[in-house]
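> In the order they appear, the protein sequences are chains E and C. Sequence positions in the first sequence follow my numbering and run 1 to 290. Sequence positions in the second sequence follow my numbering and run 1 to 290.
Hints are computed from structural coordinates only; laboratory data are not their basis. All the given hints hold, so there is nothing to weed out.
Part of the chain E face toward chain C, derived, beta carbon under 10 Å:
1. Lys24
2. Ile73
3. Ala85
4. Thr123
5. Ile136
Take a look, some chain C residues computed to stay more than 12 Å from chain E by CB distance:
6. Glu7
7. Asn39
8. Gly41
9. Leu56
10. Gln59
11. Lys62
12. Gln169
13. Val200
14. Arg203
15. Asn287
Owing to the predicted nature of the structure, the values given are computational and were not obtained by experimental measurement. By construction, the Cβ of each residue, glycine as well, lies at the ideal position given by its N, Cα and C atoms.
Protein chains: 2
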Amino acid sequence: MKEYLKERRDLVDLVIEECLNELKYPKVIAEGMKYSVLNGGKRLRPILLLMTLDLLGVQEKKGVPMSVAIEMIHSYSLVHDDLPALDNDDYRRGKFSTHKKFGEAEAILIGDALLTHAFNLITREDIEPSKIVELIKLTSSYAGVNGMIGGQMVDIESEGKEIDLPTLQYIHTHKTGKLLMLPVECACIIAGAGDERREVLKRYAELIGLAFQIKDDILDIEGTFEEIGKPVGSDRELLKSTYPSIFGMEKTKEILDEKVEEAKRLMFDAFGEEAKWHMKLADYIGNRRK
Amino acid sequence: MKEYLKERRDLVDLVIEECLNELKYPKVIAEGMKYSVLNGGKRLRPILLLMTLDLLGVQEKKGVPMSVAIEMIHSYSLVHDDLPALDNDDYRRGKFSTHKKFGEAEAILIGDALLTHAFNLITREDIEPSKIVELIKLTSSYAGVNGMIGGQMVDIESEGKEIDLPTLQYIHTHKTGKLLMLPVECACIIAGAGDERREVLKRYAELIGLAFQIKDDILDIEGTFEEIGKPVGSDRELLKSTYPSIFGMEKTKEILDEKVEEAKRLMFDAFGEEAKWHMKLADYIGNRRK
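Take the sequences, apply the hints, and build the full model.
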């Protein structure tokens, strides 16, 4: 599995670098975009897109610009999240966050530039224009006020408050979930997959998104700086409600296992052994140490 | 002219409100988006798009989502520009700027949401998908690192420095110019206009963009708070290089007149009397008091 992930990650990193090398001026934006995206991320979202295209029998060259676009949107959201006015994180994956490295005004504009450039990349997909339009419609919906940004806003509003489970679930399904559903649904659009397969894949992505977020909450308590690349315990410091703060650690780990198992079962029932990478990915998310 | 502008502005405001009323949750983002866009702006960019479609013989219902999208991008750029880390402006058109009204974290996310939603709106245009893809390609280019964001970055870098004319021109053509070229070129894409007409309209937009920016510099010195809706003299306070600081006021006004006249002549030569609204708009930009 590590080998498989590494191969895809290297491919995605190569294309990201190519796309960003086109950009030269103003230097601080071009360099800041590169710094923010090429920071050793797991590339989970692009890999999920390429893996799903594979499963649906589409050549991998298709979907690469789209997968890079999603990674740019993910990166922009991290750049803006880390800002002093939001999470005020000085570190990201063990390196300075973008505003610590380039300045605050610069980080705001670098994030804006990544988001804008993502939509430019999608237009470069070598598929029918009507499909490109569908990709952009979905991306702008899932990344916007009804998606990722909505989740981020409610997360901020909830700091220092006791929140109920539906609110915590809204945050998770929107802040993290939508941007994990996006790659599998984009793969379905590119492949022309039917509604039934799309629904299964969407639910799978939702489940691994939840698992990912629950695991994040656990790592924030049990991880080390070296593993998670930022100070441990920052959720508690911000008085964030998390799965462990609501359910306790033992129950939280049970819930994590349930989500991973449900995701795997769903995929196996719909695709059989063909979905082995999707099943392994679900395990990987549940077991990851960073 | 005032009548003509008002009619279009009312149409655009109506559609903006419709589009934003769809959005409900999280409330602060939905309300902040509305507050930031529905703030009595001149709607110059949407009007320019609709006016150009008119000139090219296309029914006005086409282009409305696109024109609202451009206005949202314009608005997001103002929301982010006003932030403490950037221009630190507490007022915008005589009202509190978005971060003063809703908070800084909120304003960052409201800006992000406006930019993201703009791309969603473009996908709603009732035209061939291939044209929608072209619109998005152009929009993401002109609003991005090679366009508006680039101009904004160089503007910030230049604060407190003496800059040369090419740098000032880069700032103007990118920070303001690209987002005025965008509506006329989008109209050309929608109308399927030929390269020659597109070049004339593009140059016209570039010229009125320059005129607009020069006039802004003049108003920052000669205007009143009531007229320009923010404190007078903020450029000087930020030690910004401007046309008046480089050329002096008298010469600056001459240059403004030249740009306006050249823009009008270009349009008259290419379209004759048909372009009367475009010519009037150039005059309006040169003479405006706010």
